[in-house]
Structures are given as structure tokens and as C-alpha cells.
Amino acid sequence: MNQHLSQEELILAYYGETTSTHLETCESCQAELGRLAAVLDRVTLVDVPEPGDDYEARVWNRLEWRLRGEKKRERNGWMKWAAIAAVIVIAFAGGLLWNRRTTPETPHVIATNTAPSNPMPSNPGATNTDSEPSTAATASSNPDVIQVAAHVPPQQQTPRQPQTARPQDAPRDRILLLVVGEHMDQSERMLVELTNLTPSENDGFDIKTERAKAEELLASNRLYRRTALDRGEENVATLLNELEPMLMQIAHAPDEMTADELRTIQKRVETKGLVFKLRVVRADVSRKTVKQANEPTT
Amino acid sequence: METAAHNQDTELVSRILGGEDDAFRLLVERHSRSLYRAAYRIVGNAADADDVVQETFLRAYRSLSRFDARASFTTWVHRIAINCSLDLIDSRKRRGHHASEEDDLAALVSSAATPDRVALGAEMQRAIDSAMRELSGNERTAFVLRHFEGMPLEEIGEILGTRLNATKNTVFRAVKKLREQLQPFTGSLV
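Residue numbers (my numbering), protein chains in the order written: chain A, 1 to 298; chain B, 1 to 190.
Hints listed in this document are in silico derivations from the structure and should not be mistaken for laboratory results.
Just so you know, not all the hints are guaranteed correct.
[Claimed, not checked] Listed next, the stretches of chain A that the computed footprint assigns to chain B, with coverage defined by at least 3 CB atoms under 8 Å from CB atoms of chain B:
1) 9 to 18
2) 31 to 41
3) 56 to 70
Cβ coordinates follow ideal geometry from the N, Cα and C atoms, glycine included.
Using the sequences provided together with the hints, build the complete structure.
This is the structure we're talking about:
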């Protein structure tokens with residue numbers, strides 16, 4: 001084959017990606033390859049500076065910390081949902097009990113409707129003369145105590161008050177304290193990790209991990225705060241209320257922060273003393289949990 | 001030799017997937033240095049190369065279950081590193097960090113005063129800087145991997161996710177651009 005090599009073939013030849021018998025014998029192609037080599041040989045970047053003998057250890061030390069968060073997040077994935085489900089159940093059960101306690105003597109129709117011996121009242125209107133017509137209508141069309149109770153007009157409802165502790169609430173309160181304690185622990189860790197970053201004037205700070213965590217915590221924070229308020233855990237509710245805007249700010253921050261943005265957040269965390277407060281209230285919650293666990297159930 | 005390394009990597013991966021988390025440390029120790037070099041070649045400075053290495057191992061850890069044991073772990077993890085490097089370059093561009101990138105490249109090309117480099121002359125160095133900057137992310141990556149890392153085109157294609165012909169064309173385009181930019185300085189040689 002006497003055809004000269006194309007520029008592409010010469011490039012491949014330069015990098016040893018192809019062998020050509022033509023090249024061995026063709027002076028013209030050899031000269032062309034020489035010209036190409038004269039350019040490419042000049043493109044010599046500096047050697048990559050050696051990162052040091054302990055580089056692998058340094059990589060691992062930095063990585064291990066992030067992997068721990070990764071594993072914890074994986075592990076907590078199902079725990080988080082379990083905790084949220086537990087709180088929802090507590091809130092729902094609490095709501096039910098509260099409604100039962102605060103609903104004025106409900107219309108007779110409820111008893112009539114729920115009584116197994118009399119599932120279909122023969123004359124619902126006659127048994128409902130004292131109640132609101134709307135309630136009666138709902139009750140007669142829907143034989144469900146909960147739904148009837150939910151239709152009590154607002155003016156008949158008493159203002160929502162924190163529930164007073166009763167022996168039968170203890171297990172629910174203990175679960176609430178446990179999940180809230182875990183929530184505060186995670187929030188504290190995330191804030192500590194964020195405040196431990198050292199701002200420098202270089203490029204942006206990657207806070208993807210902390211941002212994702214804050215987003216996750218924000219969702220549960222709202223739920224825990226409301227539940228804590230309902231259960232009369234005022235200290236917890238106040239702290240979670242204070243934590244919420246902070247979580248929101250971090251959750252809505254960009255994945256990469258400038259040094260100034262990072263400093264602002266760090267300053268805010270420090271000014272509010274959030275890490276310290278979380279530590280104190282968590283310790284208090286932890287004490288309460290232990291105390292409740294040791295109390296005999298009545 | 002390569003097969004032994006491949007087998008060791010594969011064994012470590014299955015140990016990690018089997019719940020032995022410590023095995024990941026061994027993978028990190030085996031690959032971090034070469035990943036650092038590859039990343040440095042593309043991003044151009046030690047701090048960014050470090051970040052790329054971290055992000056690479058995190059991404060690798062998250063998607064380890066999707067790693068095909070028949071493939072080479074080295075290629076797989078390098079592909080992640082290259083993608084992380086390209087992401088970093090892209091994010092810098094989006095955030096308007098051109099100056100920083102220029103500084104990185106300038107440092108990459110001109111910081112070491114080797115005898116060759118001195119002979120090369122400041123003008124030539126600037127031309128190389130400028131020529132490298134003109135390359136697209138893929139072109140620069142393909143060129144760096146072929147020219148500096150000596151990686152075969154097929155493997156580069158695997159990393160970039162392109163077919164062999166497309167990979168060749170990427171390298172050809174990179175060489176052509178560099179050659180055009182450097183023509184005035186190598187005129188006497190060409």
C-alpha cells in the first residue's frame with residue numbers, strides 16, 4: 001500500500017495506536033510524523049506534584065468521616081420513617097383521645113349507630129332531636145364515631161390545650177422523647193459538622209451532605225415540634241421552633257457556598273447557641289426517657 | 001499482574017457488598033494516588049484534585065452495588081473521577097470562575113522550572129495554556145488521558161462513554177487545535 005498516511009493515522013501512529021509498514025518505508029510520512037512529534041513533544045505539562053507518603057491515610061481520614069454520615073443516613077432511612085410513623089400514630093391517637101374528652105355529650109345517634117345490637121336505627125331523625133342537623137346528617141349517613149366527632153362545629157370545641165400527663169400516655173410520651181432525642185442528636189451533629197468547616201477565600205464549599213441532611217431534618221422537625229406542643233413538652237417545642245429557621249436556611253442553601261455565606265451561617269448558629277441548647281435539652285430529654293422507663297406503669 | 005490486581009479489586013468489592021466495610025479502606029489505599037494524578041491532570045491543582053478524589057470515592061461507595069464484577073474496577077473508578085473532574089470544571093464555568101481556571105492551568109503548565117520548560121520560553125508556555133483552555137472538557141480529558149496518562153483509546157472511550165471512533169475523533173480534534181495554536185512557535189520545526 002503506497003497511499004500516504006492521513007493526519008489522523010499519523011496521530012494514531014504517534015501514540016502507538018497503529019502500526020504501518022508504509023510508515024517504515026515512506027520518507028515523506030516519516031517526515032510528516034516528525035513534524036507532528038515536534039509539536040506534541042513540546043506539550044509537556046509539569047509532573048503532578050507528589051501528594052506525600054501519607055496521602056492514602058489522609059484521603060481515608062477525610063473520607064471515613066463522610067462515609068460514616070453516609071452509612072448513618074442509610075441506617076436511619078428506615079428508622080426515620082418508623083419514627084415519623086410513630087409520631088403520626090401518637091398524634092392521631094392523642095387527637096382521638098382529646099376529641100373524646102373534649103367533645104360535648106355527643107348526640108345519641110352515635111351510640112345508636114355504633115351499637116352492634118342496633119346497626120341501623122329505625123328512625124334516626126327521632127333520636128337526634130338535640131343535635132345539630134349537619135351532625136345528624138353526617139352521623140346517619142356515616143356510622144363512624146370518629147367522623148361524627150370530627151364534625152362537631154368549631155364553636156362547640158374548647159381551645160386546644162396541652163394534654164396533662166396521664167399514666168396511659170406514658171408509653172407514647174416515651175416514644176416521642178426517644179425519637180425527638182434522636183432528632184436533636186442528628187441536628188446537633190449536622191450543625192457541628194457545618195461549624196467545623198474552615199472558611200477560606202478559595203472556591204466554594206461543598207455542603208451537599210449537610211444541605212441534604214438539613215432538608216431531611218426540616219421535614220421531621222415540623223412534625224416533632226407540633227407533637228411536642230400537643231404533649232405539653234414546651235422546652236422541646238421551643239427549641240425545635242428555634243431550630244427550624246436554621247434548618248430551613250441550610251436546606252435552601254446552594255450545594256456550594258462561598259466563604260462569606262458559610263461564615264454567616266456559622267455565626268448564626270453560634271449566636272443562637274443552638275449546639276449548646278440542643279445538647280442541654282437532649283440531655284434533659286434523655287433523663288426523662290430513662291425516668292419514664294423506670295416508672296412502674298399503672 | 002493486571003489480572004491479579006483486577007481479582008483483588010473484585011474480591012474487595014464483594015467483601016464490601018457482603019457488609020465488610022473495612023475492605024473499602026483497602027480500595028481507597030489502592031486507588032487514591034492514581035486517581036489524584038488523573039484528577040490533577042484535568043483540574044490542574046492539588047486542592048481540587050483532592051476534592052475530586054473524595055467525591056469519586058463517595059460516588060463509588062454509593063453505587064458499588066451497580067459495579068459489574070467482570071469490568072475493571074480501575075477503569076470504573078477512573079471514569080467516576082473523570083466525570084467528577086468534568087463536573088467540577090463545569091460548575092466553575094457556571095459560577096464564572098474563569099480566572100481561577102486560568103490560574104490553575106497556568107500553574108499546571110508553568111510552575112516547574114525544568115530545563116525543558118526554561119528552553120520552551122514564556123511565549124510558548126502561554127500558547128500551551130491558551131491552547132489547552134480552548135479545548136472542550138471532553139477534548140481536554142481525552143487528550144490528557146492519551147497524551148499524559150498513556151491510556152489506550154479504547155479505555156478512554158469507556159471512561160467518556162463514547163465509541164472508539166468518537167474517542168479517536170475527540171483526540172484528533174484536540175491535537176489539531178493544539179497544533180494550530182502552537183504553529184507559530186514550532187514553525188521552524190514543522
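Going down the list of hints, with the structure as the test:
1. 9 to 18: holds (count 4)
2. 31 to 41: holds (count 5)
3. 56 to 70: Our answer is that it holds, as 9 residues pass the Cβ test (under 8 Å) against chain B, meeting three.
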